[in-house]
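Work the whole structure out from these sequences, hints included.
Under numbering that gives the first Met the number 0, the sequence shown is numbered contiguously, ending at residue 93.
Don't read these hints as lab results, they were simulated from the structure. Even glycine gets a Cβ: it sits at the ideal position worked out from N, Cα and C. If a hint is listed, it holds; no wrong ones were tucked in.
Using 27 Å as the maximum straight-line C-alpha spacing, the simulated DSSO-like pairs for lysine-lysine come out as follows:
1) K89 x K38
2) K79 x K38
3) K38 x K75
4) K79 x K89
5) K75 x K86
6) K79 x K42
7) K89 x K42
8) K75 x K89
Quick list of the computed label-pair ranges, beta carbon to beta carbon:
9) K12 x T46: 40 to 46 Å
10) L77 x R4: 31 to 37 Å
11) E27 x K1: 22 to 28 Å
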Amino acid sequence: MKGVRRFKDRLKKDLRDPEFRRAFDEEEVCVSLAIQIAKIRQKKNITQQELARRLQTTQQNISRLEDIDNRSCSLKTLIKVAHALDKRLKVELV
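Below is the structure:
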């Protein structure tokens with residue numbers, strides 16, 4: 000538990016740095032979206048190939064969308080993915 004506590008304390012300190020905070024926030028959004036797309040697709044028993052067909056794209060593009068290291072996804076693409084999964088995309092500034 001000390002390791003986790005140390006990590007949280009270090010993260011709290013690092014988040015005070017505006018540059019680190021921007022990078023952290025970007026990473027958090029990208030990872031969260033990739034995970035959400037994959038989870039929703041799997042919950043609906045839709046393969047990457049089927050989602051690709053619905054979006055008129057390739058399975059490789061769907062794989063990239065679900066890759067937590069991917070940083071290049073447009074808002075337009077996310078809206079199309081949401082519709083293909085019978086979901087809405089909600090974007091908020093908080």
